[in-house]
Amino acid sequence: RQRKMASVSVMSATRLFGGSLQRVQHASRVCATDMTFAVYMPPQAGASHKVPVLYWLSGLTCTDENFSTKSGFARAAADRGLCVVIPDTSPRGHPKIPGENDSYDFGTGAGFYVDATVPPFDRHYRMYSYVMRELPEVVASVYGDQTTGAKSISGHSMGGHGALSIFLRHPESYASVSAFAPICAPTKCPWGVKAFEGYLGSASAGGGGDA
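Quick note: to get the working numbering, add 2 to the position in the sequence shown (first position is 1).
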């Protein structure tokens with residue numbers, strides 16, 4: 003049973019190391035479809051003690067659930083009083099686009115944290131703007147009574163690429179950046195070339211995404 007809260011729906015909530023892990027869905031104006039993300043709120047969070055936020059960007063084929071269920075992150079987040087927000091790796095709720103489910107490294111689960119410019123992907127595949135702008139706005143509006151304005155960004159593989167490229171373009175917006183085995187130069191590897199050609203029209207158009 004879903005519980006409505008502000009402009010989001012809490013799909014599930016689990017007690018974890020004294021805090022709470024929620025899966026949340028909301029209508030995204032940027033991606034023009036419903037988007038799902040996970041948020042872990044540590045036990046220290048409350049009206050009298052607000053906590054900073056770490057945005058974690060996952061890799062190819064992942065959803066918001068891979069990191070939260072497999073990494074064991076919550077113990078460390080609880081110890082440090084850190085809220086962790088985990089977005090999906092692509093939009094999923096829109097009418098299906100031809101070709102987006104043909105391979106694991108393009109389309110669903112492989113948004114590459116760019117804003118697509120090639121139709122028909124340009125309507126929904128806008129993960130750069132979603133992570134950089136809309137998602138923090140949603141987090142602030144829903145969880146602002148528990149979180150500070152301080153945020154950092156991190157990720158793995160494709161998510162490492164996303165974290166580095168977003169931070170390097172907007173260093174003033176984050177306290178720190180880190181990445182695990184990131185795709186540092188996507189225009190120089192088959193995964194990135196395929197994604198940039200499909201979303202942006204050419205690999206060279208994604209040159210700004212090379213960390």
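Just so you know, these hints were derived from the structure itself, not from any lab. Keep in mind that a hint or two might mislead.
[Claimed, not checked] Okay, derived cross-link-like pairs now, EDC-like style, lysine to aspartate or glutamate, Cα gap no bigger than 20 Å in a straight line: (1) Lys196 / Asp117; (2) Lys52 / Glu139; (3) Lys196 / Glu139; (4) Lys196 / Asp81; (5) Lys153 / Asp81.
Now for the hints, and whether the structure bears them out:
About 15 Å separates the Cα atoms of lysine 196 and aspartate 117, which keeps this hinted pair within 20 Å; it holds. A threshold of 20 Å between alpha carbons decides the hint, and for lysine 52 with glutamate 139 the separation of about 16 Å falls inside it, so the pair holds. Only pairs whose Cα atoms come within 20 Å are accepted, and lysine 196 paired with glutamate 139 is rejected, the gap being roughly 31 Å. With a CA separation close to 40 Å, the supplied pair lysine 196 and aspartate 81 exceeds the 20 Å bound.
With a C-alpha separation of about 17 Å, the suggested pairing of lysine 153 with aspartate 81 holds against the 20 Å cut-off.
Going through the hint list in order, the structure does not satisfy hints 3 and 4.
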